[in-house]
Amino acid sequence: MMSSFLFRAMDARAGVFLAIMAAVIILVPACNLFVPEESPFHVPTYAVTLMGKYLTYALLALAVDLVWGYCGILSLGHAAFFALGGYAMGMYLMRQIGTRGVYGDPILPDFMVFLNWQDLPWYWYGFDMFWFAALMVLLVPGLLAFIFGWFAFRSRVTGVYLSIITQALTYALLLAFFRNDMGFGGNNGLTDFKDILGFDIQADTTRAGLFAASGLALVLCFLICRSITRSKLGKVLVAVRDAESRTRFLGYRVEHYKLFVWTLSAMMAGIAGALYVPQVGIINPGEFAPANSIEVVIWVAVGGRGTLVGAVLGAVLVNFAKTWFTAALPDIWLFALGGLFVFVTLFLPKGIVGTVSDGWTALRQRRISSDFGEGSGDPPAQPPQSPAAQANVPEPVPATSRAGAVHPQPAE
Amino acid sequence: MTRATSLLYLDGVSVAFDGFKALNELSLTVAPGEMRAIIGPNGAGKTTMMDVITGKTRPDSGEVFFNGAIDLTGEDEASIAELGIGRKFQKPTVFESHTVWDNLELALKAPRGPFATLFHVITGGEKTRINQLLDLIRLGDKRSELAANLSHGQKQWLEIGMLLAQDPKLLLVDEPAAGMTDAETAETAELLKDIAKDHSVVVVEHDMVFVRALGVKVTVLHEGSVLAEGSLDHVSANERVVEVYLGR
Ligand SMILES: Nc1ncnc2c1ncn2[C@@H]1O[C@H](COP(=O)(O)OP(=O)(O)OP(=O)(O)O)[C@@H](O)[C@H]1O
Ligand SMILES: [Mg+2]
Chain A
1 MMSSFLFRAM DARAGVFLAI MAAVIILVPA CNLFVPEESP FHVPTYAVTL MGKYLTYALL
61 ALAVDLVWGY CGILSLGHAA FFALGGYAMG MYLMRQIGTR GVYGDPILPD FMVFLNWQDL
121 PWYWYGFDMF WFAALMVLLV PGLLAFIFGW FAFRSRVTGV YLSIITQALT YALLLAFFRN
181 DMGFGGNNGL TDFKDILGFD IQADTTRAGL FAASGLALVL CFLICRSITR SKLGKVLVAV
241 RDAESRTRFL GYRVEHYKLF VWTLSAMMAG IAGALYVPQV GIINPGEFAP ANSIEVVIWV
301 AVGGRGTLVG AVLGAVLVNF AKTWFTAALP DIWLFALGGL FVFVTLFLPK GIVGTVSDGW
361 TALRQRRISS DFGEGSGDPP AQPPQSPAAQ ANVPEPVPAT SRAGAVHPQP AE
Chain B
413 MTRATSLLYL DGVSVAFDGF KALNELSLTV APGEMRAIIG PNGAGKTTMM DVITGKTRPD
473 SGEVFFNGAI DLTGEDEASI AELGIGRKFQ KPTVFESHTV WDNLELALKA PRGPFATLFH
533 VITGGEKTRI NQLLDLIRLG DKRSELAANL SHGQKQWLEI GMLLAQDPKL LLVDEPAAGM
593 TDAETAETAE LLKDIAKDHS VVVVEHDMVF VRALGVKVTV LHEGSVLAEG SLDHVSANER
653 VVEVYLGR
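Quick note, the sequences are listed as chains A and B, same order. Each residue of the first sequence is one higher than the one before, starting from 1 at the first, in the numbering used here. Each residue of the second sequence is one higher than the one before, starting from 413 at the first, in the numbering used here.
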């Protein structure tokens, strides 16, 4: 049966992904901590941190793929949720500094002393406790996404209009966080972190731990996304993506489905941001820049939207290229990124993973049907419990669209 | 017939688009268990009428009642579907990147909330029902095919199958035979007659051969209101009907 055959292929894909992730999560920290520096297998700490950063980007891309690839919501504002998660973690890290800051104030972060503030603002309460900060990492992006989505989806804002207001959202937050009196360090953001959960944030072991945590978070969120996309709910999401109004006429309340994945996706972006900040050592309003959100969409498009694995692959590949370009040819990077996007849109509309898996499926099909042609094996596409060949199947009129031409089709 | 005993009751319904009256004081009553054919020239307002019944378009004035008591003008598409009104679109609209089987599974009557679908496991009963439907719409050997790969006629049939999967009380079927060969058209008429045995059905169709094959009461719409009503022979004898059909 075609669909179970596809499912099996996807299982294999998920298995490969999980195996690679397991190897990466174990080997990279091990090659950093236990392999002597002279060895060619030694992974320097800066590389661990760099790859850890890629993994948090991959998680952000995964979150975008869930809403864009499966539900058709093109978010150009996911970096906002990422940054909010990052700020929540940054606030925890600031409060861990204690008296080690330049001004040595046990409670107030340096920038507040500098601004002559006397008391900690109420919204900084609780961030000295890790569990509270961790909760906020999920709740703040989740709540903002819920409120935003509640209004946007109920008013049936879709397509390009929705994309534009997501850009407006992240831009508004950018401007807000730039202001000193917001109490988040203004322009400079939050930085000079000392330790996390009592461990020195600069230590190799901490770096390796953060890397592994990023890898585990990615794996966990990947599994959640997959179990969602393969459930009946996942089928409804794809139905919404392809023919939203048809889905409504079947009785599905589309706005509830959108709100569910949208909020979940924002929380995943928040986790990504929270893991990003201790590894790069700073969070500032620049993370809210509209261009950041657009870049994420490019990662997903390059890897292949609606594939989950593709989002991860795209994020890692593009960021690897970015690291290389910005060191070797810094002026070229934005052109290269733009060129890549144009190339992918024109020649690889399904992205790397989508194109490869299409090719693979076609190859398998051909092999199976040639096997069948030689008389070995059962008919390939014969479904189980299939009734005997129908006597009076209507003669099909010429197909108007073929396999390659699956495109969203709005209900009338 | 009075509102209380009707299944579908429209009274004085008007809809204007930028001043153009797509529906003009339209009144129409469908009895429980009835099958009704609606004909009328292009732009007569047939699709707009379905839009009003299914909550896609709000009427500017007039009453729309389902089951005698439920005011449909205050409900949205999803709740009207849940009340038991299913709809097939004029342009066949199926979920192209889903298989035929998944299209039917999505349509199948079941709790519609996100948490219900997230934890849904397909039951034996549901599989049996989908298999029955596949037989009925003659797509048994296409169950694993993507809906995008179906022919136009097969998409029409799949959409009718999805409609049945919802198990609605009332089916609104907009031009089910459009783009079909003569043989397919005849078969579709048979299928609808079969369906009408235990459902109420409103069919919009241009094809007179098809409408004759249905052999049911016909309502002729013109410029947003009812021009004539009765058997096909009765309305064909009406001069005004002949005029609007020939005059277009
Ligand atoms: N959303 C809309 N905005 C503006 N005008 C509309 C809209 N929907 C329908 N109309 C107009 O209302 C009139 C009735 O349209 P409707 O689609 O109901 O006709 P119909 O009887 O279904 O015709 P056909 O046989 O061509 O399907 C047409 O003139 C159409 O152009
Ligand atoms: Mg119409």
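Hints are computed from structural coordinates only; laboratory data are not their basis. Treat the hints with care, since some could be wrong.
[Stated by the list, open to error] Chain A stretches covered by chain B per the calculated footprint, using a threshold of three residues with CB under 8 Å from any CB of chain B:
#	stretch
1	175–183
2	228–239
[Unchecked claim] A few chain B positions that, by computed beta-carbon distances, are all more than 10 Å from chain A:
#	residue
3	417
4	491
5	509
6	519
7	524
8	637
9	638
10	646
11	654
Since the structure is predicted, the reported quantities are computational estimates derived from the model, not experimental observations. For every residue, glycine included, the Cβ atom is placed at its ideal position computed from N, Cα and C.
A quick look at each hint next to the structure:
1. 175–183: violated (count 0)
2. 228–239: holds (count 8)
3. 417: holds (26 Å)
4. 491: violated (8 Å)
5. 509: violated (5 Å)
6. 519: violated (6 Å)
7. 524: At roughly 5 Å from the nearest Cβ of chain A, residue 524(B) sits no farther out than 10 Å, so the non-interface label is violated.
8. 637: holds (22 Å)
9. 638: Residue 638(B) clear of chain A: closest Cβ-Cβ about 23 Å, beyond 10 Å.
10. 646: Since the minimum Cβ distance to chain A is about 31 Å, residue 646(B) lies beyond 10 Å and the statement holds.
11. 654: Correct as stated: the minimum Cβ-Cβ distance to chain A is 30 Å, above 10 Å.
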